[in-house]
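J.: Use these hints to put chain R onto chain A, whose structure you have.
Protein chains: 2
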Amino acid sequence: MRGTVLHAPFDIRFEERPDPRIEQATDAVIRTVATCVCGSDLWNYRGINPVTEPRPIGHEYVGIVEEVGAEVASLRAGQFVVGGFAYSDNTCANCRYGVQSACMHGGFMGTCQAELIRIPLADGTLVALPEQPDAGLVPSLLTLSDVMGTGWYAAVAAEVRAGSTVAVVGDGAVGLCGVLAAKELGAERIIAMSRHDARQKLALDFGATDIVTERGDEGVARIKELTDGVGADSVLECVGTAESMTQARQSTRVGGTVGFVGVPHGIQIGGDELFRTHVGLRGGPAPVRRFLPDLIGRVLDGHIEPGKVFDLTLPLDRVAEGYAAMDERRAIKALLLP
Amino acid sequence: MRGTVLHAPFDIRFEERPDPRIEQATDAVIRTVATCVCGSDLWNYRGINPVTEPRPIGHEYVGIVEEVGAEVASLRAGQFVVGGFAYSDNTCANCRYGVQSACMHGGFMGTCQAELIRIPLADGTLVALPEQPDAGLVPSLLTLSDVMGTGWYAAVAAEVRAGSTVAVVGDGAVGLCGVLAAKELGAERIIAMSRHDARQKLALDFGATDIVTERGDEGVARIKELTDGVGADSVLECVGTAESMTQARQSTRVGGTVGFVGVPHGIQIGGDELFRTHVGLRGGPAPVRRFLPDLIGRVLDGHIEPGKVFDLTLPLDRVAEGYAAMDERRAIKALLLP
Chain A
1 MRGTVLHAPF
11 DIRFEERPDP
21 RIEQATDAVI
31 RTVATCVCGS
41 DLWNYRGINP
51 VTEPRPIGHE
61 YVGIVEEVGA
71 EVASLRAGQF
81 VVGGFAYSDN
91 TCANCRYGVQ
101 SACMHGGFMG
111 TCQAELIRIP
121 LADGTLVALP
131 EQPDAGLVPS
141 LLTLSDVMGT
151 GWYAAVAAEV
161 RAGSTVAVVG
171 DGAVGLCGVL
181 AAKELGAERI
191 IAMSRHDARQ
201 KLALDFGATD
211 IVTERGDEGV
221 ARIKELTDGV
231 GADSVLECVG
241 TAESMTQARQ
251 STRVGGTVGF
261 VGVPHGIQIG
271 GDELFRTHVG
281 LRGGPAPVRR
291 FLPDLIGRVL
301 DGHIEPGKVF
311 DLTLPLDRVA
321 EGYAAMDERR
331 AIKALLLP
Chain R
1 MRGTVLHAPF
11 DIRFEERPDP
21 RIEQATDAVI
31 RTVATCVCGS
41 DLWNYRGINP
51 VTEPRPIGHE
61 YVGIVEEVGA
71 EVASLRAGQF
81 VVGGFAYSDN
91 TCANCRYGVQ
101 SACMHGGFMG
111 TCQAELIRIP
121 LADGTLVALP
131 EQPDAGLVPS
141 LLTLSDVMGT
151 GWYAAVAAEV
161 RAGSTVAVVG
171 DGAVGLCGVL
181 AAKELGAERI
191 IAMSRHDARQ
201 KLALDFGATD
211 IVTERGDEGV
221 ARIKELTDGV
231 GADSVLECVG
241 TAESMTQARQ
251 STRVGGTVGF
261 VGVPHGIQIG
271 GDELFRTHVG
281 LRGGPAPVRR
291 FLPDLIGRVL
301 DGHIEPGKVF
311 DLTLPLDRVA
321 EGYAAMDERR
331 AIKALLLP
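So the sequences go chain by chain: A and R.
Heads up, the first sequence is in the working numbering, so the first residue is 1 and it goes up one at a time.
Heads up, the second sequence is in the working numbering, so the first residue is 1 and it goes up one at a time.
Here chain A stands alone, though its shape is the one from the complex (with noise of 0.2 angstroms):
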C-alpha cells in the first residue's frame, strides 16, 4: 500500500509502504475513507517538533474494516468506522472516567495518512456505524476523528453551558469547530476571534455571534467591551502558545474557565494569578472516543455540518500540496482521499 512519510522538515512524500496486518488479536485493519492534515501535524512538518528520521504521519482516519483480530467482538468486516486520534481500551480507569485519550493501555495514531490502517485495540478505538454513510456526510465524520471532538472538547473543558458567554481564540479547524461546539451546547453569545476572512465566514456559518479581529492586549480589550467589562464566561484556547493561552485566561470573567486544546509551546502559568482570577483550567488532547457516539448522531441526522471546515479535497497521493496549503495559510484544512 501508499502511505505518507514525513522525511523531514517541508519534506513529505506519499511513498510505497508495508501493508499493515493484524498485529495482536485486539487489532484491526481498515481501508481508509477519508483522512486529512492537522494544525499539529504542522509542528512536526514545520521541524518545530524535531524531525530526526522518516516516519509515517497521520492520525485523523474514517473507513471500512478490512479484518479483525481474533479477540475483537464489536467489528466486522465491511463496517464504516470512525475512531479518534487516540486508541483505547475503553475498558481501564482512566477510560471509565472519560479521559479515553490518557487510556492506561493507549496511545496516539500516527500512520492515517495512508490506504491502509492498523487500529490497535479496535474494539475500544472504533465506533461502527449501522450502514454505510452517504458520501456527502463523509467529510464531517472524518472531523469526528480529530478537529470536532476537540473542538467540542474545549467546550466541554471550559464548561459552555446553556446561556453562556463564550470566547474562542484560534480561527484554525479546531477553533471554527469549537464555534459550533459551543453553539451546539447552548451558548448564547459566542465571540470568535479571527482576522481571516473565510475563517470569520465559517465562524459566523457555525453560530458565532460576533467576531474580533484584534489580538492580544487589543483583543482582551475587545472581548472586555463586548461582555460588559466582564469578560467570557468560558473561553476555548485552541492554538497552544504562550500568547494565545494569555490572551484566554485575561478574555476569561472572574471565576470563567479556560478549556485548552492546543498543542501547548512553552507555557507557565502563575498560581498567582488563577488565584486572583478564580479562573478554572482544564484541557489535553481530547477524549473524542467519549463522544463519537453522540456526535455521529449527530452528524448523521443533519444537525451539525463540521465538515465544512474542509476548503480544501486532494487526492491523497497529492497530500504534500495539503501539507503546503495549510503551512501558508492558504487552506483551512485539507481533506484527502485514497
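There could be a bad hint or two in this list.
What the hints assert, rightly or not - Covered stretches of chain R, going by a simulated chain A footprint (3 or more residues, C-beta under 8 angstroms):
hint, segment
1, 98-110
2, 252-264
3, 271-283
As the list claims (entries may be wrong) - Negatives, chain A to chain R, calculated, CB over 12 angstroms:
hint, residue
4, V5
5, H7
6, F10
7, I22
8, E23
9, R31
10, R76
11, D89
12, V99
13, M104
14, P120
15, T227
16, Q250
17, D317
Quick caveat, the hints were computed from the structure, so don't treat them as lab data.
Bear in mind that the values here come from a model prediction, so they are computed numbers and not experimental data.
We treat Cβ as the ideally placed atom computed from N, Cα and C, and that holds for glycine.
T.: Same frame as chain A, but now just chain R:
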C-alpha cells in the same frame, strides 16, 4: 476600643485604637462576639509578607450589630451576624456569578481582631441569624467567616461529589475543614495528609477514611497505592507552597481536579503538564458569602461542628499568645473572645 495591631514581625499587640464608625451609608459597625487567628495571618506575622508599618489585623468575625448606615436595609441593631473575610455588594456581575470574594466594589477585611469592627457593604456582606445562637454554636459559626467557607470552596472547586475519592493536602484548620466539606458533599473516600497526631484525630472525626503521613514524592506514591495506581478524583490544596501544589497535582488522577485555596507563594505550573494529565485547576480566595446561608443552616441544625478546629481559646487581649501558639504549631487555631 481595643484592637490588635501588627507592629513588626513577631510583634503583635492589643492596644487602644479609635472606635470604628459609620463612614459610608452602606456600612455597619458590629461588636465582636468572637474572632480568631488565621493561617494566612502568619504570613504577615512571620514577616514573609513584609510589614512596613504598624497595621491592624484579623479578618474572621461574628458579632452583634451596633449601628447601621442609612442605606443598610437588611440589618438592624442587636442582630447576630456572620460575615466573610471579604466584603461584597452581592449584586455586581462577579457576585452574581458566585465570586463574592472578587466583588467589583468589594475588598478584604483586615481589622477584625478587635472589639468593634466596621463592615463595608453590610447588606451584601453580613448574614443575620434569625435569633441569638447558643453560645456553644459560636465557634462553629465563626469558622464560616473563613476557614470552613474556604475548606468548602476547596471541595467545590475540586468538584467533589457523591462517591468521590478525595485527598486533602494540608492539615491546618482549612485542610481539616476541607475534609469535613468533602464528607458533607458525599465523598466516599477521604485521604487526609498529616503527620500530626491531634490533627489526624480531628481529620478522622471530620470524616477522613485514610491518613497519609508521607510527604512529597512519597506522599504521592502512597496516595497512588491507596487508589489502585489511579490517584484521587479531587484534591484539595490547602497550603499554598510550590511543594504542596506539586504534591496536589501529582496526587490527582488523570482528568481529576485540584481545588486550591492556600494563598500561592512562588507557584508556576507548566502548560505541558496540565495538558498531559487533563488535571483541572480552580482556586482563589473563597467566596464565603456564597456559601454562608447553606453553611449557617448546617451549623444551626447541628449537622456539622467545624468549631472543633479551635483547640485554644484565649481572651482577645491575649491575642499575641494565639499567634505564637499557631506559629509554633502548638495550636491548630486560636479562638479569641473579647
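J.: Confirm or reject each hint.
T.: Results for each hint:
With 4 residues carrying a beta carbon less than 8 angstroms from a beta carbon of chain A, the segment 98-110 of chain R meets the three-residue requirement, and the given coverage holds. Counting residues of the segment 252-264 of chain R whose CB lies closer than 8 angstroms to any CB of chain A gives 8, which reaches the minimum of 3, so the coverage claim holds. Closer than 8 angstroms: that is the beta-carbon criterion, and the segment 271-283 of chain R has 12 residues meeting it against chain A, so the requirement of 3 holds. Listed as outside the interface, V5(A) is consistent with that label: its C-beta sits roughly 27 angstroms from the nearest C-beta of chain R, beyond the 12 angstroms cut-off.
For H7(A), the non-interface assignment is confirmed: its Cβ lies about 27 angstroms from the closest Cβ of chain R, beyond the 12 angstroms cut-off. For F10(A), the condition that its CB be more than 12 angstroms from all CB atoms of chain R holds, with the nearest at approximately 25 angstroms. Under the 12 angstroms C-beta cut-off, the non-interface status given to I22(A) relative to chain R holds; the minimum distance is some 29 angstroms. Even its closest Cβ contact with chain R, about 26 angstroms, leaves E23(A) beyond 12 angstroms, as expected for a residue assigned away from the interface.
No Cβ of chain R comes within 12 angstroms of the Cβ of R31(A); the nearest lies about 32 angstroms off, and the non-interface call holds. With a least CB separation of 32 angstroms from chain R, R76(A) remains clear of the 12 angstroms interface cut-off, as annotated. For D89(A), the non-interface assignment is confirmed: its Cβ lies about 14 angstroms from the closest Cβ of chain R, beyond the 12 angstroms cut-off. With 12 angstroms as the threshold on Cβ separation, the claim that V99(A) sits away from chain R is violated: the shortest Cβ distance comes to roughly 4 angstroms.
The Cβ of M104(A) sits about 9 angstroms from the closest Cβ of chain R, inside the 12 angstroms cut-off, so the non-interface label is violated. At the 12 angstroms boundary, the C-beta of P120(A) stays outside the reach of chain R, the nearest C-beta of that chain being 19 angstroms off. For T227(A), the shortest C-beta to C-beta distance to chain R comes to about 9 angstroms, within the 12 angstroms cut-off, and the non-interface label is violated. At roughly 15 angstroms, the least C-beta separation between Q250(A) and chain R is larger than 12 angstroms, which holds for a residue marked as non-interface.
Look at D317(A): its CB is around 34 angstroms from the nearest CB on chain R, clear of 12 angstroms, so calling it non-interface holds up.
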